[in-house]
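There are 2 protein chains.
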Amino acid sequence: MTEPLPETGLELRSLVTSDGTLELSLHDVAIPAPGADEVVVRVEASPVNPSDLGLLIPAAADMSKATVAGTAGRPVVTAPVREEALAGLRVRIGQSLPVGNEGAGTVVAAGASAQALLGKKVGIAGGAMYSQYRVVNAAACLVLPDGATARDGASSFVNPLTALGMVETMRREGHSALVHTAAASNLGQMLVKVCLADGVPLVNIVRRAEQEDILRGLGATHVCNSSAPSFESDLVAALQDTSATLAFDATGGGTLAGQILNGMEQAANAAAAQYSRYGSAVHKQVYIYGSLDTGPTVLTRNFGMAWGVGGWLLTPFLAGAGPETIARLRARVAAELRTTFASTYTQEVSLAGMLEPEAFHSYLRKATGEKFLVTPQVD
Amino acid sequence: MTEPLPETGLELRSLVTSDGTLELSLHDVAIPAPGADEVVVRVEASPVNPSDLGLLIPAAADMSKATVAGTAGRPVVTAPVREEALAGLRVRIGQSLPVGNEGAGTVVAAGASAQALLGKKVGIAGGAMYSQYRVVNAAACLVLPDGATARDGASSFVNPLTALGMVETMRREGHSALVHTAAASNLGQMLVKVCLADGVPLVNIVRRAEQEDILRGLGATHVCNSSAPSFESDLVAALQDTSATLAFDATGGGTLAGQILNGMEQAANAAAAQYSRYGSAVHKQVYIYGSLDTGPTVLTRNFGMAWGVGGWLLTPFLAGAGPETIARLRARVAAELRTTFASTYTQEVSLAGMLEPEAFHSYLRKATGEKFLVTPQVD
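Taken in sequence, the protein lines are chains A and B. Just so you know, we're using this note's numbering here: the first sequence kicks off at 24 and counts up by one. Just so you know, we're using this note's numbering here: the second sequence kicks off at 24 and counts up by one.
Any given hint could be a false lead.
One side only, chain A facing chain B, incomplete, derived with CB under 7 Å [unchecked claim]: (1) L78; (2) V114; (3) R300; (4) P319; (5) V321; (6) L322; (7) T323; (8) M328; (9) A329; (10) G331; (11) V332; (12) G333; (13) G334.
List of simulated lysine to any residue pairs, SDA-like, C-alpha gap at most 25 Å [to be verified]: (14) K88/B / V99/B; (15) K389/A / Y301/B; (16) K88/B / R300/A.
Simulated from the structure, these hints should not be mistaken for laboratory data. Each residue gets a CB set at the ideal place from its N, CA and C atoms; glycine is no exception.
Make the full structure from the sequences, and use the hints.
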């Protein structure tokens with residue numbers, strides 16, 4: 024079933040120049056022949072995740088001043104990078120970087136020991152997915168279940184493994200329930216389903232009433248709307264009900280992480296019989312895994328001394344989890360790809376389409392409920 | 024050498040009433056006969072540590088409005104507690120609480136199996152040290168070296184074990200160098216000496232030039248003055264020199280913890296050859312162990328995703344360290360009590376003297392270099 028491969032494929036690149044310009048463009052790159060244990064995947068679908076955007080369009084780029092040149096098929100976007108932030112981008116200056124953490128497509132060529140994958144639909148991860156073709160190790164491919172499309176499998180890694188990683192982290196660090204912010208996201212909806220299936224109490228924090236409805240529709244018990252006047256007491260009540268002492272926060276900036284810690288402390292103290300001058304002895308942890316709010320994290324410390332706030336990232340989590348855990352999590356993703364781990368996309372764009380102003384202004388907003396799917400095979 | 028014991032001794036108490044008043048006073052409490060493995064210690068010296076103040080005078084008490092009644096020998100201080108903070112003190116309301124984490128004195132009575140301690144000078148910890156007599160388990164006593172006075176041994180626990188605990192935590196969590204803020208404190212000076220002896224690179228952060236001089240006089244190599252215009256670059260240079268990735272911060276509030284994390288990240292990236300979109304993979308940690316600044320902790324997150332900020336407290340550290348480690352650390356404190364772990368006091372006060380406005384306004388300032396010693400045997 025092999026078809027003749029083209030010699031080159033398109034690849035989206037992000038470049039920051041030394042004079043402070045961000046440049047996004049499409050390049051023709053050679054498609055190498057696969058090694059014995061490698062496959063060539065024709066990438067058919069790849070999501071635009073928040074975790075892709077930092078590399079694609081650094082926060083320091085002022086996209087309100089972006090201009091588009093080039094041709095319709097080969098647009099070139101340029102935008103100024105704030106000068107004071109250029110030092111922080113030092114190590115990437117002058118490098119034309121491919122982008123795209125994950126995607127799915129069809130195996131169109133395979134090395135001698137990877138022939139079994141030929142013609143299969145697979146999900147893959149590992150960067151440079153905003154490309155028409157990717158050569159990857161066969162072992163890195165997640166074979167999609169029969170009948171699943173590339174669109175079904177495009178988001179098989181980042182969000183599903185992050186949702187499962189949160190629950191794994193909870194167990195490993197001795198907590199018994201979770202809090203999640205920006206909880207109506209694709210990831211948040213997966214987490215609701217995973218926690219329901221696993222019997223893990225989950226406190227969902229959203230910002231709008233319609234997001235509450237989405238999560239309650241999935242069966243979520245505890246949904247707190249941070250825009251509601253009763254948010255603070257709603258949160259403490261949910262934390263008392265669940266005894267959640269671990270939160271994953273996608274917002275990062277602002278006061279929310281501190282509010283959660285204070286709520287956990289209030290919930291712990293509500294049951295306390297004796298005064299402890301240093302606050303409750305219960306360890307309260309917030310992991311910041313996203314940065315929807317890039318402003319400072321502000322912690323008003325009324326939560327004793329047994330607390331932590333820190334960064335959480337999928338890749339180091341997986342590295343620490345070990346191959347057996349990874350295999351178990353991946354098998355679950357494959358088995359539940361179109362149920363628990365189903366993603367919804369509101370727009371499809373081609374590689375060139377990603378570089379249209381309407382598209383990049385839209386995906387940079389990171390609005391809950393909006394999600395782009397890149398289709399590199401479409402012109 | 025036993026002397027007849029009085030039936031009661033004075034004890035300082037702190038009470039928050041349900042109508043929102045803080046009351047500090049002295050009480051006569053019975054001195055119980057020691058059990059078989061217990062001793063009665065005549066407390067002769069006890070320091071006023073920042074860690075005592077939260078219990079003695081909660082931050083919510085408005086001491087600018089304090090009044091003193093009673094007699095010269097039995098003063099009673101009252102001050103209003105801010106109403107909005109009263110809920111947070113709920114579990115201590117109505118309880119007359121003894122205060123004082125540590126102290127030293129003479130064993131004046133001993134149970135059958137603790138006779139060997141009779142007449143010894145010992146350091147003790149465990150609360151209620153702002154008292155004339157304390158009954159404690161013999162095993163809890165640190166026998167002071169020959170010739171050491173109660174003043175020498177008054178601070179044998181909190182500061183020495185905290186300094187040693189910081190170095191232990193560093194080793195246990197895989198770091199190789201330390202950062203310390205408010206570094207000219209009694210504790211900070213101990214840490215300088217411990218790190219010099221143990222060959223641990225240490226970055227000291229102080230706020231004034233004369234504090235720099237104190238630490239350099241002790242042999243400190245890296246001393247950064249946060250009031251200096253060059254502080255930010257001084258800090259990064261020191262972090263590059265030392266590769267310190269763990270900090271202990273006594274200030275808590277403000278931007279310092281975040282500045283340290285950003286400095287660590289800059290130091291890590293200065294050596295980086297390749298761009299990492301999530302920042303350096305080096306884990307950077309700040310433990311907040313004090314709260315000299317009770318304002319919010321403000322983290323401007325330009326330090327990637329491999330970071331943590333959290334509370335650190337001596338008691339849970341010791342609980343986790345286990346008896347062998349504790350015994351090793353205590354033996355070192357005893358051996359180096361008048362060298363590495365020497366404390367300096369600027370004022371001595373009696374129990375009644377602690378309740379004089381001049382005294383409490385002074386120790387509440389927590390000024391570096393100023394330290395009170397309570398002498399409960401003095402009228």
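Okay, the hints, checked on the actual structure:
Below 7 Å, beta-carbon pairs count as interface contacts, and L78/A has one with chain B at about 4 Å; its hint therefore holds. Given the 7 Å rule on beta carbons, the hint for V114/A holds: about 4 Å separates it from the nearest Cβ of chain B. Evaluation of the R300/A hint against chain B yields a held restraint, the C-beta minimum of about 4 Å falling below 7 Å. The beta carbon of P319/A comes within 5 Å of a beta carbon in chain B, closer than 7 Å, and the hint placing it at the interface holds.
Interface hint at V321/A: satisfied, since its Cβ lies 5 Å from the closest Cβ of chain B, which is below the 7 Å cut-off. Annotation: L322/A was flagged as interfacial toward chain B, and the flag holds, the nearest CB pair being 4 Å apart, inside 7 Å. With 7 Å as the threshold, the beta carbon of T323/A comes within range of chain B, its nearest partner Cβ sitting at about 5 Å, so the hint holds. Satisfaction of the interface hint for M328/A is found here, the shortest Cβ-Cβ separation to chain B being roughly 4 Å, below the 7 Å cut-off.
The interface hint given for A329/A holds, since its Cβ lies 6 Å from the closest Cβ of chain B, which is under the 7 Å cut-off. Given the 7 Å rule on beta carbons, the hint for G331/A holds: about 3 Å separates it from the nearest Cβ of chain B. Using the Cβ-Cβ criterion of 7 Å, the hint placing V332/A at the interface with chain B is satisfied: the shortest such distance is roughly 5 Å. The beta carbon of G333/A is positioned within 7 Å of a beta carbon in chain B (closest approach about 3 Å), and the interface hint is therefore held.
The interface hint given for G334/A is met, as the beta carbon of that residue sits about 4 Å from the closest beta carbon of chain B, less than 7 Å. With a C-alpha separation of about 14 Å, the suggested pairing of K88/B with V99/B holds against the 25 Å cut-off. At most 25 Å may separate the alpha-carbon atoms for a hinted pair to count; K389/A and Y301/B meet this at roughly 18 Å. Under the criterion of a C-alpha separation no larger than 25 Å, the hint pairing K88/B with R300/A is consistent with the structure, at around 23 Å.
Violation of the numbered hints given earlier is absent; every hint is satisfied by the structure.
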